[in-house]
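So you can see what is in the structure, the chains are spelled out below.
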Amino acid sequence: MYSVLYLIVCFFTIAGHYVMLNAHFLAIVHIIVYAGAIMVLFLYVIMMLNLNRETEPHKPALLKLASVISGGALFLILLASTKSGISISGAADAEMGTVQSVGKVLFTDYVFPFEITSVLFIAAMVGAVVLAKKEMN
Amino acid sequence: MDLFASSNVPFDWYIYLSLALFAIGVCGVLMRRNAIVMFMSIELMLNSVNLLLVAYSAYTGKISGMVYVFFVMVVAAAEVAVGLALLVSIYRNIQSVDIDKLKSLKW
Chain S
468 MYSVLYLIVC FFTIAGHYVM LNAHFLAIVH IIVYAGAIMV LFLYVIMMLN
518 LNRETEPHKP ALLKLASVIS GGALFLILLA STKSGISISG AADAEMGTVQ
568 SVGKVLFTDY VFPFEITSVL FIAAMVGAVV LAKKEMN
Chain X
14 MDLFASSNVP FDWYIYLSLA LFAIGVCGVL MRRNAIVMFM SIELMLNSVN
64 LLLVAYSAYT GKISGMVYVF FVMVVAAAEV AVGLALLVSI YRNIQSVDID
114 KLKSLKW
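Protein chains in written order, with my numbering: chain S, 468 to 604; chain X, 14 to 120.
Some hints here could point you the wrong way.
Claimed, not checked - Taking lysine-lysine and the DSBU-like style, the derived pairs with C-alpha atoms no more than 35 Å apart in a straight line are: (1) LYS116(X) with LYS600(S); (2) LYS531(S) with LYS116(X); (3) LYS114(X) with LYS600(S); (4) LYS531(S) with LYS550(S); (5) LYS601(S) with LYS75(X); (6) LYS116(X) with LYS571(S); (7) LYS114(X) with LYS526(S); (8) LYS526(S) with LYS116(X); (9) LYS550(S) with LYS75(X); (10) LYS116(X) with LYS601(S); (11) LYS531(S) with LYS75(X); (12) LYS526(S) with LYS601(S); (13) LYS571(S) with LYS526(S); (14) LYS550(S) with LYS526(S).
By construction, these hints were calculated from the structure, which means they are not laboratory data.
With these hints in hand, go ahead and build the complete structure from the sequences.
Written as structure tokens, this is what we have:
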């Protein structure tokens, strides 16, 4: 499963884009969360499930062609919908994506959603443990 | 820090990049039968939307977009944890991650 490793490379390039967009805090969080947590989880699950090339299920070629065509059509439609011109206004300042500015907004305007996410994490953690646990009886 | 300043990258390019990433993710979900690969494609789609949100917030100067991206990352992490636990328990039952074999709800 080299696709996981290539996906990690892709996530690192997205983190590079965040740095280019002056979102330094998000770049660091992205690397920590995705490369550090999520992809490690994927690798562990693949290692645990003992998948290999022989047992890899494949769809027939016609379905693959149809999926590529529909995905490409979706891309073209989205492209055409943005082609008519998106005007953005406003100016970014250089201090925008730092930990200080993001944290100030996060802990003043968005403090209630931030607390709710901790509840969500607890629920996800308990749910994951319950689901992955072996049956006792 | 100004070395990577984005002001000379046109904003349209970020739209095109994230649209392309999203379309690739959709193709991956439609094309594969392995549930793990479908999960990874969903991650790719979430990331393309994140990239577009960060680009908008960086070009308009509004910082709320970055906070939204933070919440999207949190939800993605929770979703992956629960989804992979589901996959492990599915694999324990049917010894496969082929989604076409999951038909017990379809009688």
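Results of checking the hints against the structure:
1. LYS116(X) with LYS600(S): Holds: LYS116(X) and LYS600(S) sit about 23 Å apart, inside 35 Å.
2. LYS531(S) with LYS116(X): holds (21 Å)
3. LYS114(X) with LYS600(S): holds (22 Å)
4. LYS531(S) with LYS550(S): Between LYS531(S) and LYS550(S) the Cα gap is close to 28 Å, so the pair holds against 35 Å.
5. LYS601(S) with LYS75(X): violated (47 Å)
6. LYS116(X) with LYS571(S): Violated. LYS116(X) to LYS571(S) sits at ~49 Å, over the 35 Å cutoff.
7. LYS114(X) with LYS526(S): Since the Cα atoms of LYS114(X) and LYS526(S) sit roughly 13 Å apart, the hinted pair holds (cutoff 35 Å).
8. LYS526(S) with LYS116(X): Holds. LYS526(S) to LYS116(X) sits at ~16 Å (cutoff 35 Å).
9. LYS550(S) with LYS75(X): holds (23 Å)
10. LYS116(X) with LYS601(S): Roughly 22 Å separates the two Cα atoms, so the pair holds.
11. LYS531(S) with LYS75(X): Outside the cut-off at roughly 41 Å; violated.
12. LYS526(S) with LYS601(S): Distance ~31 Å between LYS526(S) and LYS601(S) Cα, so the pair holds.
13. LYS571(S) with LYS526(S): violated (49 Å)
14. LYS550(S) with LYS526(S): Status holds; Cα separation ~34 Å.
The structure is inconsistent with the numbered hints 5, 6, 11, 13, although it conforms to all the rest.
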